[in-house]
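S.K.: Quick note, the sequences are listed as chains A and B, same order.
So for the first sequence, the numbering used here puts the first residue at 169; every next one is plus one.
So for the second sequence, the numbering used here puts the first residue at -8; every next one is plus one.
Hints are supplied without guarantee of correctness; some may be wrong.
As the list claims (entries may be wrong) - Pair by pair, the computed Cβ-Cβ distance ranges are:
id : chain 1 : residue 1 : chain 2 : residue 2 : range
1  : B       : Asn78     : A       : Glu344    : 49 to 55 Å
2  : A       : Ile185    : B       : Leu85     : 23 to 29 Å
3  : A       : Glu431    : B       : Leu85     : 49 to 55 Å
4  : B       : Pro67     : A       : Asp504    : 38 to 44 Å
5  : B       : Phe82     : A       : Asp504    : 40 to 46 Å
6  : B       : Gln77     : A       : Tyr299    : 49 to 55 Å
7  : A       : Val417    : B       : Val255    : 54 to 60 Å
8  : B       : Glu102    : A       : Ser226    : 51 to 57 Å
9  : B       : Asn78     : A       : Pro257    : 54 to 60 Å
10 : B       : Arg294    : A       : Glu344    : 15 to 21 Å
11 : B       : Asp332    : A       : Asp504    : 39 to 45 Å
To be verified - So these bits of chain B aren't anywhere near chain A, every CB distance computed over 10 Å:
id : residue
12 : Arg60
13 : Ala80
14 : Ser130
15 : Ile195
Hints in this document: simulated from the structure, not taken from any laboratory.
We put the CB at the ideal spot given by N, CA and C, even for glycine.
Here are the chains, one letter per residue:
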Amino acid sequence: MTVKIQIVDVSKRFGPIVAVNRVSLEVLEGEILTIIGPSGCGKSTLLKMIAGVLRPDSGDIRIDGRSVVDVPMEQRRIAFVFQNILLFPHMTVGENVRYSPVVRGVEKSRAEQLVATIRDFLRLRVREYAYPRELSMGMQQKVALARALAAECPIMLLDEPLSALDAIVRARLRYELRRIIKDLQLTAIYVTHDQAEAMTVADRIAVMRKGQIIQVGTPEELYNRPMHPFVARFLGGEANFIEGVVREVVEDRLLVEAPPFSELQVVNPGLEVKPGSKVILAIKPEDLILGRGVVEGEVSLTSYLGDSARIEIEVNGFRFVYRGPTEMYTQLSEGDKIRIDVVRERVMVMKYPEEGLLEAISIE
Amino acid sequence: MAAKRAAIELIGVTKRFRTITALRNVTLTVFDGEYLVVLGPTGAGKSTLLKVIAGIHYPDRGKVLVYGRDMTRVPPEWRGIAYFPQNYALFPHLTVLENVTYGLRARGISESDARKRALEVLRMVLLHERTESYPHELSGGMQQRLALARALVTASGILLLDEPLAALDAILRLELRYELRRIAKRLRLTVLHVTHDHEEALSIADRIVVLRRGEVVQVGTPQQIYEQPADILVSCLIGEVNVLDGIVHSVENEYAIITIDKLVLRARRGKLKLHQPVTVVIRPEWVFVRKQRQGTPWEWEARVERIYFRGYMSVLDVSVGGLELRVSAPSHMVSDIHEGDTVCVEADAERIVVLPYQARPPELFEL
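Here chain B stands alone, though its shape is the one from the complex:
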């Protein structure tokens, strides 16, 4: 990739609504051509962030730069940014095709060119066979895709998407998210995509920004966010996780031996200190499940309480000395394990994440 050029820069942006601080001192760079996903729980400030970039809200403090130009107080229509809001409106008296060409013709693009581009985009969102329908004749999912097509057709540089797939059936949500990324890359768009869906974020983002209470908690590639979460909350927001508290019992070469009640496990030592209280983050697929003991000191005997067949992966809830642990593995690898069986589980020392002990943030109980 060529030298990264900043498309959008937020510098110390704060936005308040009466007594609520929706964004607090947010500094963030979105690179040209990047697909950036903003992830956070309801009320984290995700939509406000988009609106500040779109120009719908002006920040109370801080700056918004677009390709280096200060746009902090420039009205939305002068920013050259396409914005797909959560609550979009379609023209009820125009057909699907007319809804999409409208924005193009308003920009003085010829009828035939507009038609050609509109059809291309409608094909991408799988609506090319409904060009003559009116919005009220479409299902909710189709209406949302039509709105998406309308945003995409006029997008030339930067596109802001606020929960673009939220109203769709699960299966369409899954298929269209990859389509969104393909379209963005083909049209060389810079995209900011807001979602609360961690799987959506992981699967299509170049980078993910995690917001919490109006603040940026972590920015990184999907792999970084998933494998090296900055704190417990991030680890819980990005996927299924077991969170356990323990103590660094001893240190052996590059490994730390950690005790959790009566259980012992091994993890990469990193900067951990002897006797330090820690919080251990273990994702379900970071646990090996075996029918037979292998004799390592780190394996735990566990009882399989429940098995959930999930297709490619299966999830097992196991109890280990009073603790309940959720583990998972490709289904074909655990097909001979049944509910009630006694098995051995071992957390993968190379992958589990050990953080200095943290009290559980209150949001965690709401998840």
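Extracted from the complex, chain A is given alone in its bound form:
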């Protein structure tokens, strides 16, 4: 796989604030990389530097191996889709989509072919002569995407393209976005704060926090093997965090004292720890076992989520979130006493962060 975009040690400050702090990142040709992080983590700033809207203070950005820091925005051959839908309001859908081919002087029959292809790809069933304001928001964003695609750029940058849409439209379009970008073999960087969106769209995800990238990996890697509690909070689907102290190190296992559990034998992902070391354990909601074990709690909230049930259990001061089949919703009621245990092999173990757990998983 060839590297399409290379970000080398890039930093950007705004006055006293370091928005992007020495970020290095590679995006492969044909890959969709999602950058996820909370508001203000620097993800949009990073995207704007790649687009050429902002200039980095230091570091280099390369496309196809060549530095583009001095290349003006319009010569970088990058298409952009934003949260705010960019359409010319006085132009029809057809005119909006044809805008780039016409401006670029693409020959008429080839332009028509291009537009037809894009419409097919997008499954865009919308009248050519409609004006943007006559369309729903979801449809407008699809037209904006069509317009961006008609520029025939090999790279596409998307900055929260679905944030302004109704939840159900958002849920549906994220699958379509991935399909379209993949089918057209574009290289894309997609910025979002939404876990479900990042997981659905991405080949790889980069998690950004306070201007830095703290882990990059496939959705599965980040979900199952987070290296930082923040990654587990952001992509772990409501992971339960507990603090523990290592009692014993036995080969690749750790015996951890982690209240409310007296002792848990967990798999060591390769941490350099010794008896007495503090660690963070993250337990995914689906890795809790209900109705077994020695720890007893009380069901404090039951939710029906459609494809699953979500149950909250209070155990002397701790609140655990369980997720499992919808039958559990029918079987359990708020106030029920229940025993809980965990699937030991699946407990995620992380180094104890210097700043403390609460700060490490804090979003603001």
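Put chain B on the given structure of chain A with help from the hints.
M.R.: What follows is chain B alone, placed relative to chain A:
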């Protein structure tokens, strides 16, 4: 639960704005202590419904009762209803704490009591460490939570929330929605919560009201709305769904055999009649996915086109004889399936929903 007492009753409420009918003959009861979520697409009339209850709009027709008393034309300040609008305003010159205590002190509550209650509510919305900040020093999400705290602190009976979590980052939206429900239950509030987010609605509502073009289409528990949608639109509004058209081919005991083109599936018979044209609603997780055939007549051979790892669940787009179907399963159950594989899929006869054939409502294309 004790006998249900109505907190709010809407009786035949209609509200027009010039030529647009925002609410059409809406009749709805909200019970005391209930967490009711109003769900619908943009423009369905959700906000108007709240404003009519809050007293910001008076209805053109119909009545609004609050605990049995006719409040149809009573101004907002006399209704005893707390209202959290979509576009809230904070006092820019007051600190976080002062913003929250303001409403309490205006009601003659002592400084120390007001402070105590405000801190309690600020803790609930995770702002207790920012009490001395000014609104402009807060992020957008924090400002929204501050506004929420201000609405919560004065709420004593009924609370109306218009998209209270909309401006928040996804992760906070997820965590705070459960907090909202906890707070409401702890303070014994009756809540009407407007949202377009179906997951939010499912996860925290006692009951959901689905609005479409100013009309109530369905009222029910999350489970009822999800598993027994009144029509196609409701089924599509409440989550991911495959909608297919077919015909009742034959009937066997309590099952109907339905053909969809060349595909055959089985569903609960209900009131279906032989040869009746039907619309079949299949949610992704209502489909079993197997690597090996089991030999039932209802399983379909499918090619896995795309797999989306979503954490707990994985989603698979499969093609079955020209149709594209979206199916899902807990990730660990499909970890040995890859893109390009041939698999068997079978729709769960006990769960799929079969409705009399319906033309697709136009809104569906906008979703």
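S.K.: Taking the hints in turn, state whether each one holds.
M.R.: Hint-by-hint comparison with the structure:
1. Asn78/B <-> Glu344/A: 49 to 55 Å: violated (31 Å)
2. Ile185/A <-> Leu85/B: 23 to 29 Å: Once the Cβ atoms are compared, 26 Å apart, the range 23 to 29 Å for Leu85/B and Ile185/A holds.
3. Glu431/A <-> Leu85/B: 49 to 55 Å: holds (50 Å)
4. Pro67/B <-> Asp504/A: 38 to 44 Å: holds (41 Å)
5. Phe82/B <-> Asp504/A: 40 to 46 Å: Because 44 Å falls inside the window, the suggested range holds.
6. Gln77/B <-> Tyr299/A: 49 to 55 Å: violated (26 Å)
7. Val417/A <-> Val255/B: 54 to 60 Å: holds (58 Å)
8. Glu102/B <-> Ser226/A: 51 to 57 Å: Holds - the Cβ-Cβ distance for Glu102/B and Ser226/A, about 52 Å, lies within 51 to 57 Å.
9. Asn78/B <-> Pro257/A: 54 to 60 Å: Because 23 Å falls outside the window, the suggested range is violated.
10. Arg294/B <-> Glu344/A: 15 to 21 Å: The hinted range 15 to 21 Å holds for Arg294/B and Glu344/A, with Cβ atoms some 19 Å apart.
11. Asp332/B <-> Asp504/A: 39 to 45 Å: With Cβ atoms ~41 Å apart, the hint holds.
12. Arg60: holds (31 Å)
13. Ala80: holds (21 Å)
14. Ser130: violated (6 Å)
15. Ile195: violated (7 Å)
Going down the numbered hints, you'll see the structure goes against 1, 6, 9, 14, 15, while the others check out.
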